[in-house]
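Protein chains in written order, with this note's numbering: chain U, 29 to 404; chain R, 15 to 566.
Hints in this document: simulated from the structure, not taken from any laboratory.
From a predicted model like this one, the values you see are computed outputs, not experimental measurements.
Glycine residues also receive a C-beta, built at the ideal position from the N, C-alpha and C atoms.
Heads up, a few of these hints could be off.
Among chain R residues calculated to face chain U with C-beta under 7 Å, some are [stated by the list, open to error]: (1) Asn145; (2) Ala170; (3) Ile187; (4) His410; (5) Thr539.
Stretch-level coverage of chain R by chain U, calculated; a stretch enters the list once three of its residues show a Cβ under 8 Å from a Cβ in chain U [to be verified]: (6) 45 to 57; (7) 241 to 247; (8) 364 to 375.
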Amino acid sequence: MCRLFALTSEEPQSPMMAVRALDVMREGHDGSGVGLFLSDLGGPLGEMKGAPILSGIFSNEGMKRLDQFMIGIGFMTKYKMSIKIPKSPPPGVPKRDVYLIRAYEYPETWEGLSQEELDYRLLMTRLQLRQMGEEGGDMIIYSFWPDVIMLKELGDPLTVAEYLQLDRKELQARVIMAQGRQNTNYAINLYACHPFFLQGIASMTNGENTAFVPIREFLSSRGFPGYMGYQSDSEVFTHILHFTLHRLGLGIEAYKHIITPLQDEDLKGHPQEGLLKTLKQSCRRLIIDGPNCVIGCLPDKSLFMVQDRKKLRPGVVGGRPGLYAFSSEICGLDATIPQRNKNEDFQPMHLDTALVDSERLEVKICSQMDSLPLPH
Amino acid sequence: MLSNGFTTPSSLSVKDLPWQIRWEKDKCSLCGRCAAVCPVHTLELGVFRKRLVSTPDLSQPTPDSPPATVYQTYQGIRQKTDPAYACVGCATCSLVCPNDCIMPFRTDETDKFRFHVNRGGQARNRGGRRNAPDAAQGGLLDQIKFPRISMLTDPALDAGRHEFELRSLLGRILPPEESLKFFHEQGWTPPVREIYPLMIGGMSFGALSPNMWEGIQMGVSYLNEEMGMPVRICTGEGGCPPRLLRSRFLKYVILQIASGYFGWDEIIHALPHMKEDPCAVEIKYGQGAKPGDGGLLMWYKVNKLIAAIRGVPAGVSLPSPPTHQTKYSIEEAVAKMIQSMYMAWGFRVPVYPKISGTSTALAVLNNLTRNPYAGALAIDGEDGGTGAAYAVSMDHMGHPIASNLRDCYLNLVKLGRQNEIPLIAGGGAGKNGKLAANAAALIMLGASVVQTGKYIMQAAAGCVGSEADRCNICNIGLCPKGITSQDSRIYRRLDPEKVAERVVDVYLSFDTELKKIVAPLGRSTSLPIGMSDALAINDKAAAERLDIDYVV
């Protein structure tokens, strides 16, 4: 099983805070890998909010190809973070040339583009780089997006974090998501490692998505280039969220209605019965069958947690105003935020979405039985 | 025949017949029930002459010594060998025999009868099924396994106690973006029904006896109203009894319109009196058992009641044309027919075509994806059954359902329209009695709904048909169980109440078995349509063809 930990804090925090929480929960994961998503950044990268940041792993040859490619488009390096790694990696961690985190200036020719077009081009640039990397075996690309850093590597989370010296100011962030364990269902592949990211949306999942194949078939046939990959059955959760927000124009409150729609008897008394029935029928192919606990981050830096209909996976949200954490297990939460009112800890059940927005003042709970706020 | 007599080409011995009757003289009470009940009159009274040879006491011959040879006679039954009266193996004689002294047995070699069933130039005509005796190999659907068992990475579910929502949708489902748009604009969206994924396929009022029809309808109503299972039944081509058309039970019924339009006069006249809309309308363009051939109700079965409902004279054969006479192109005429049927119920009832399994199914499907009114596509494979057809059609024409369905589903995936046009698969599900496993396999290959007919006849009414060419006389209305007979002396044998009970039994046990399949796969929240990663087969070619795993 995977273990997940996410935190959202008023003050930028070191990613080590999340990695240590994973270490506390180590009985629940096999230490085969770690994935990190950092956003709402502190440090120097936090000051360049609009600049897209490229995260990935490169060989020296890959770096050359990357520079050539980016210069060709017109991207100029704005800020480069170098991770000086010891010569020999600890056991279980492969030797890499470069862990890259680099902010770029947009090409001049992109000036004046609409936000939508800009977002699309960033996505396409990432996908092109990913494809180049897959062909040459010299680059692994995690994200290319403003205010987002991602890092994934094989090996025990704490060992990897110490090896990469993650406890540094440049990596401090207000939103941190961390997952421990490589995906073991399919071949070991860093693209199968959580969290997954697409155009400002990230999610990570605990559990196995038994409805994976039909969902993958549905998403892959939407004609949207970002719906690809699927080295892990959990990647679809990120994409379903993207589909809900971007293609359907609905909010996070609707996400549960897409992945685990209400049963008919519950639908009957619901204030938006008609809408929910329409959603249930037309999005039937996106219904997950769990068991899954999903923790994700929205483009507005809100963090959320949902469970599938069976609610067979652990997950708890707790904290205090200014600092909240989402954790697979209470021991992870206890280790990170011991000073909190534990009575207010919340374990989302089969109807709930737990949300902490970027104000970080409270945990908002919305139930599927509540009226669904609709965008006007 | 005498040893020096002569034979005609069709002089057959009992050995040449497909079914041979063994009769035990010692146990027979000569009650005559077997001969009375035999639907094909193969049994006749036999008077047998028998010579007894005894050896007299030759040491003291007297004039009173009995003769060395004594002739005796005894009575019993004799099996006719005229092909017109050949035993069909139904074993109704065994059913009625008080002393269990009679039973038909299948011949141990290929019978000679098959070369002589075309007397008068009439090609063999029968009811039943394809008679492909591959039960020993299990048939393709039976060979499919479900190897993706939830083990330690995700818990398997408890089939007995977990909540399951195993429902399917019938009707055109719009892509999410469009359906939300229409919802907000309060525009028309195609009607969609939420139904149980096992549907009773089209068996007409006419093909089935009134008692059988009534029994199934009662069972379906009970399942809906007492058990909360939205089971639907298709009428087949033969209309619908007027009282049912005007009842609230119509909502459980899918009305079929086929190329003979039988019964539609009655249906159209009932339109203003309908309390409920029917579940859907099925336009039959083809049937798996006799693809490319129209429906057929032979004159034996067209009694007054059937004739009245169908709007035809009694006592004439009713062959439907192989195609709808107004159809010259799918682009225009089929689309128009679908729309006309929608119009009849104010665009509130889904309308979908049914075709027989064919290698041209993809062309039909591709066209339907561009027709926003097409509510589904039903495909009926070659193993489907029928009340009457030419044997050659049943035996050799058609397409197996598995690969036909899979091609269609994968094509929809390519177009991004999977489940928007639900695929309804039929023809062979439960052929060897494994209905739930076959249905689950079809669902995971891409079917939204599975249709079954023969299984219901066998399980709910005791049809004795088998893949060994047993009985198969549905066409001439002599069904010994009264399932497909229109003769009240025969169909009174069948108690509709008991049929209804059995329909309920079948569905409840099917439901348990389906849960026993999906629960270990970790599925409960939705029907696992297209979950092909859960399927495997130990036949490499089949695995490749169906794009599922190969396991040994």
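> Which hints from the list above does the structure break, by number from lowest to highest?
Replying inline: The structure breaks hints 1, 2, 4, 6, 7, 8; every other hint is satisfied.
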